[in-house]
Amino acid sequence: GAVVSQHPSWVICKSGTSVKIECRSLDFQATTMFWYRQFPKQSLMLMATSNEGSKATYEQGVEKDKFLINHASLTLSTLTVTSAHPEDSSFYICSARGAGARLGDTQYFGPGTRLTVL
Amino acid sequence: AQTVTQSQPEMSVQEAETVTLSCTYDTSENNYYLFWYKQPPSRQMILVIRQEAYKQQNATENRFSVNFQKAAKSFSLKISDSQLGDTAMYFCAFMKPPHMRFGAGTRLTVKP
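Residue numbers (this note's numbering), protein chains in the order written: chain B, 9 to 126; chain U, 46 to 157.
None of these hints come from the bench; they were simulated from the model.
Ideal Cβ positions, reconstructed from N, Cα and C, are used throughout, including at glycine.
Hints may be right or wrong, so weigh each one.
[Unchecked claim] Per label pair, the in silico range of CB-to-CB distance: (1) B:Trp18 x U:Asp71: 30 to 38 Å; (2) B:Val11 x U:Tyr99: 24 to 32 Å; (3) B:Arg122 x U:Ser57: 22 to 30 Å; (4) B:Trp18 x U:Thr65: 29 to 37 Å; (5) U:Glu62 x B:Phe47: 27 to 35 Å; (6) U:Asn75 x B:Gly24: 44 to 52 Å; (7) B:His93 x U:Glu97: 39 to 47 Å; (8) B:Asp73 x U:Asp71: 32 to 40 Å; (9) B:Ser81 x U:Lys156: 40 to 48 Å.
So that you can see chain U by itself, here it is in the shape it has in the complex:
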């Protein structure tokens, strides 16, 4: 079974600074998807970024980018120019369709 590990339960960053959230996973699969979801206090799960394992190029979405290291089974999220609205729980997720497995989450606080 696939496992997803987020080793940082809590992190904080100053507004406008950059922060990196770590995620590692364990799988014997070759084709799969990786995701970062954001869960703000409203508890709505919001898709931040998505990466297909067959793509070597790291995904980016505006201020959010990933460092995908397939051999190392690592999938970190970098948030640039952090904003107060980025304060949330961040979940890393692994998907071998159709099922998705989540990490334990990292609580990120952006400080003014």
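Isolated chain B, as found in the complex:
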């Protein structure tokens, strides 16, 4: 159990376009999901916390108008990178917070999405 999927696994887009990344918890409900960014050979940097049915909470320095997050259901959160530029190229990872006796209070991670902006 505790499987999280992300789609797409990789995407290449032109500068100025928008890209949407989906994160789904496949076998559990997640009231809270998280979006991270990871640069090569670095650790994960939390971008925002997404709560079902409410606005996302962004970390300091993350532009909320550029990285739009929607958590419309207990199993789906989306990250839209608007007007993407080459500096937005990165590896984006989502996680979903498990709960209860089976999953424990743990974050389960998706496989990541590699975004390349030309």
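Start from chain B and add chain U according to the hints.
Here is chain U on its own, set in the frame of chain B:
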């Protein structure tokens, strides 16, 4: 704010040997969780082991075990009988729900 420190950027171990990865953290909280995640070349983050701070007993998962020293704020990971598939980045993480903070990671290479 909580910080997590992994002082070993890179480590290597011979196949079948034992290796210990270090992690220290700084917090004023009393109740929290600690984790070790593995990130192989595929970049999928895989949960290795989890420890609740209120539990004195060290967590174990097959070949993986931790040495949790709450007073010293230390949380090391021991990998026994290392296998080639253990080659990966290992991240130590601290969680005071709901947020998780990661260390910089230790790149472990298991040599045949």
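Next item on the list: Mind listing which of the numbered hints don't hold for this structure, in increasing order?
Entry: none
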